[in-house]
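Given only the sequences and the hints, what does the whole structure look like? Please build it.
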Amino acid sequence: MPAVNIIISEADHKKLQDDYEKMSNAWAQQGRQSLPPPFEHWAGIRMMAASPISAEEVDHVRLFTAIEKLVTSLHLHGFCLAHVTEDGTSPAQSSQQLAQSLATHFDLPPQYVRRLQDVFDYYQKKAGSPMEPGQAGLATSHSTEALEAAYQELLDRTTKSLDHLDAERSIGRIEGALALLVSRQVLKREIAREKTAAFKLQVRSAKKLPVS
1 MPAVNIIISE
11 ADHKKLQDDY
21 EKMSNAWAQQ
31 GRQSLPPPFE
41 HWAGIRMMAA
51 SPISAEEVDH
61 VRLFTAIEKL
71 VTSLHLHGFC
81 LAHVTEDGTS
91 PAQSSQQLAQ
101 SLATHFDLPP
111 QYVRRLQDVF
121 DYYQKKAGSP
131 MEPGQAGLAT
141 SHSTEALEAA
151 YQELLDRTTK
161 SLDHLDAERS
171 IGRIEGALAL
181 LVSRQVLKRE
191 IAREKTAAFK
201 LQVRSAKKLP
211 VS
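Each step along the sequence shown adds one to the number in our numbering, with nothing skipped, and position 148 is 148.
Source of the hints: derived by calculation from the structure; they are not laboratory data.
It is possible that some hints are incorrect.
With a straight-line Cα cutoff of 25 angstroms, these simulated PhoX-like cross-link-like pairs (lysine-lysine) come out [as the list claims (entries may be wrong)]:
#1 160 to 200
#2 69 to 160
#3 195 to 160
#4 200 to 188
Next up, the structure:
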C-alpha cells in the first residue's frame, strides 16, 4: 500500500497522542486479547473520519467485521479455529490462503487480505489430541451452525442493501458464500444451486431486470 504523508501542527499531533493514549487504556480495560492498532494507523483513520465514505466501503467494513466477529467469538462457544493440514503447509500460509479465498469470494479490496490474515493468525490454534468418542460430531455440528449463521447474516444484510447495491455484485457475494459452504461440506451443491437461482430471481425482480 502506498505511503501518504500528512502534515499537521504540533498542537494537533499532541492532541492525537493524548487521545490515542486514552483509547489504548480503554482498550486494555475492555479485556481485549489483541493489541490496539499502531498510532500511525489509528491517527490516519481518525483524520479521515470526516471524509465521505461510499456505501460500498461501508459494506466492505461490515463484511470484514462479520468475519472477524465469527472468528473472535469461537472460543466463547467452546471451539476454536484449528490448523489441521498435514501437507506441510505452515499455519501462516494457511491463514494467507484462507484470507485470500474469502477476499476473492466476497470481492473485498486487497488491503482486507492482510487484515483477515492477521485475525486468523492471532486466533489460530494447532490441532490438539484426538477428540473423545462422540465429540467429533458435536464439534462439526457447532462449526456447521456457525457457518450457516454467518451465511444467513450475510444474506440478510445483502437483501436489505439491494436498493443501493449493484445487482451482479449482490449475486456474486451470495454465490461466493454458497460456494464456500459447499467447499466446507456444509451444503450440498444441488441445494446451493437452488438457493443461488432463488436469490437471482429475487434480485432481478427487485431491480426489474430480465431473468436469465
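Results for each hint:
no. : hint       : result
1   : 160 to 200 : holds, 15 angstroms
2   : 69 to 160  : holds, 20 angstroms
3   : 195 to 160 : holds, 17 angstroms
4   : 200 to 188 : holds, 18 angstroms
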